[in-house]
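In terms of the working numbering, the sequence shown is residues 1101 to 1232.
Keep in mind that the hints were calculated from the coordinates and are not lab data. One should not assume that every hint holds.
What the hints assert, rightly or not - With a straight-line Cα cutoff of 25 Å, these simulated DSS-like cross-link-like pairs (lysine-lysine) come out:
#1 K1124 x K1151
#2 K1166 x K1143
#3 K1190 x K1124
#4 K1102 x K1143
#5 K1166 x K1108
#6 K1190 x K1166
#7 K1214 x K1102
#8 K1102 x K1197
#9 K1151 x K1139
#10 K1143 x K1124
#11 K1102 x K1166
#12 K1102 x K1124
#13 K1125 x K1102
#14 K1214 x K1197
#15 K1108 x K1124
#16 K1190 x K1151
#17 K1124 x K1214
#18 K1102 x K1139
#19 K1151 x K1125
#20 K1108 x K1125
#21 K1125 x K1139
#22 K1190 x K1214
#23 K1166 x K1139
#24 K1214 x K1108
#25 K1190 x K1108
#26 K1139 x K1124
#27 K1102 x K1151
#28 K1197 x K1151
#29 K1166 x K1151
#30 K1143 x K1125
#31 K1190 x K1143
#32 K1214 x K1125
#33 K1166 x K1197
#34 K1214 x K1151
Here the structure is a predicted model, which means the values were calculated and not measured.
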Amino acid sequence: PKCDTSCKTCANGEPNGCTSCEAKKALSYEGESNTGTCKSECKPGTNNCEKCELTVDGTAYCSKCKDANQFPQNGVCSAAAGKAITCTTKGTGVCDKCANGLLRMNGGCYETTKFPGRASVRKQHRLGIPAK
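Please put together the full structure from these sequences, using the hints given.
Right, here's the structure in full:
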């Protein structure tokens, strides 16, 4: 399909149908779907994020949230009371231990089916690095 100009790849031509984004743009998922919109990458002090020390495929993601009760989920600060319990041991603004099946990177929990977790799993696979 012809993608919206904001997307790198997409499921449909809608602006919220992106399945991946160009460098410096982060895929922001719409609800529980596997598509979303491409937004600007993480900048410290925006979107409740304190540190942006995780970079995947040239895009910065949040690694520590300003709010002690939040932690990065798929690169975005979210309260722990989401639909799925992704973090089993919370730190201050970070997650210390993620639920089974989730990838822990720089203080956040990442679904391996969504970006940026998906890109990291591919890379680790290729490089033969065991996932932590």
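Assess, step by step, whether the Cα of K1214 is no farther than 25 Å from the Cα of K1125, and give holds or violated. Holds: K1214 and K1125 sit about 14 Å apart, inside 25 Å.
What's the verdict on K1190 and K1166, does the C-alpha distance respect the 25 Å limit or exceed it? holds (14 Å)
Can you confirm whether the C-alpha distance between K1139 and K1124 stays at or below 25 Å? holds (9 Å)
Does K1125 sit within 25 Å of K1151, going by the straight-line distance between their CA atoms? With Cα atoms ~17 Å apart, K1151 and K1125 stay inside 25 Å; holds.
Are the Cα positions of K1108 and K1124 separated by 25 Å at most? Since the Cα atoms of K1108 and K1124 sit roughly 12 Å apart, the hinted pair holds (cutoff 25 Å).
Given the hint that K1197 pairs with K1151, does the C-alpha gap stay at or below 25 Å? holds (19 Å)
Given the hinted pair K1151 and K1139, is their alpha-carbon gap at most 25 Å? Since the Cα atoms of K1151 and K1139 sit roughly 17 Å apart, the hinted pair holds (cutoff 25 Å).
Need the status of pair K1102, K1151: alpha-carbon distance at most 25 Å? This hinted pair is violated, its Cα atoms lying about 35 Å apart.
Do the alpha carbons of K1125 and K1102 lie within 25 Å of each other, as the hint requires? holds (19 Å)
Against the 25 Å threshold, does the CA-CA distance of K1102 and K1124 hold or violate the hint? holds (21 Å)
Measure nothing beyond the straight line between the CA atoms of K1190 and K1124; if it is 25 Å or shorter, mark the hint as holding. Status violated; Cα separation ~28 Å.
Checking one constraint from the list: CA of K1124 to CA of K1151, max 25 Å. Satisfied? holds (16 Å)
Of the numbered hints stated above, those contradicted by the structure are hints 3, 4, 5, 8, 11, 25, 27, listed in ascending order.
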